[in-house]
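A.B. asks: Sequence:
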Amino acid sequence: MGSVTKILHPPEPFLFHESLLRFRVSREEYVNSYADGVYRRVVEDANGDLVLLEAEKEGEGRNSIRLRMTTQGRMTKSAQDVGLYAIKHILAFDLDLRAFYKMAKDDASLAPTAKKFRGLKPIRYPSVFEALVTAITAQQVNLTFAGAIRGRMVKRWGRKLRVDGKMHYAFPRPERLARARVSTFRSMQFSERKAEYVIDVARAALEGRLDENELRILTIDEAVARLTEIRGVGRWTAEQMLFRALGRVEVFPGGDLGVQKVVARYCFGEERVDEKTARMQADRWHPWASLATTYLFAAWRAGIPPASDTD
DNA sequence: TACCAGGTAAAAA
DNA sequence: TTTTTACATGGT
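Just so we're aligned: the first sequence equals residues 1 to 311 in our numbering.
Check the hints yourself; a few may be wrong.
Claimed, not checked - With a Cα cut of at most 20 Å, we get these calculated EDC-like pairs of lysine to aspartate or glutamate:
id : residue 1 : residue 2
1  : K261      : D107
2  : K116      : E196
3  : K57       : E44
4  : K105      : D283
In case anyone wonders, no lab produced these hints; they're calculated from the structure.
Kindly generate the complete structure, drawing on both the sequences and the hints.
C.D. replies: Structure below.
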């Protein structure tokens, strides 16, 4: 077993804990976990070696991150490089928040949370494939249930890495899910349709239709059009992926129930708005629409009431 | 019991 | 082209 520890210095500002709360561990989720201040996940390098990443805040006050990387055999340079690249992508080191804050400061519904959560970043998935499959599991069911069936899928088809006596799972490879049977997914309480969608996305990945570099250079509309050619990938799923895997913060998943509720709450003082209303609001946040929702979700999670518009 | 969950595809209007 | 409906299941 090989292990190496690095100290990383994310660009300021960066709120580690609040950003990672999204992955606060649930019993069923084995791929991304955040517990006791440590974010954990497994990535795979080009040689197929699994690397466990464990990231936590280094010391109080200072904003450095301690990253421990562990592999089964010798720690290779390739494994280290992949691990470092992955964690910087996941933690959105490349996302510069300054222009967003400049915009947010003059936006009544956004200003208080942007200020309170200064340094909050949208934590990402490492791959297009993982983001799409994860989104599909979350279609039309509550997120607890989505996490449960996803956990079963990961436990069955994800590669395993044992570290300090604890098992960690990588997200299943497309090769594996592409040849899985619908009936096996059914036994894990996937609907038949969800099972077919996941298998179709896995095949698309194998056929090179989810090429990250190709998707990156497309406009949002072009990328959504390309992605929705895959059965089971609608606009919502495509937008989720563009935001959560590729970090395209200008997308706005206006069809998302949670987004509709959080925009309603903090921008309209209501329980729920329709997609059109939500998208109209989001136009004011361009090109940081989904980043804005990240802040509103954080406020919601923290139980912060919407500002009263009467004073 | 009915209805809702961070939707989508296919049928019907 | 726009509007319903089936899909599956756990929680309230």
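A.B. asks: Each hint needs a verdict: does it hold in this structure or not?
C.D. replies: Hint check results:
Straight-line distance between C-alpha atoms of K261 and D107 comes to about 18 Å, which keeps the hinted pair within the 20 Å bound. Restraint check: the Cα-Cα separation between K116 and E196 comes to about 43 Å, which exceeds 20 Å; the hinted pair is violated. With a C-alpha separation of about 23 Å, the suggested pairing of K57 with E44 is violated against the 20 Å cut-off. Between K105 and D283 the alpha-carbon distance is near 16 Å, which keeps this suggested pair within the 20 Å criterion.
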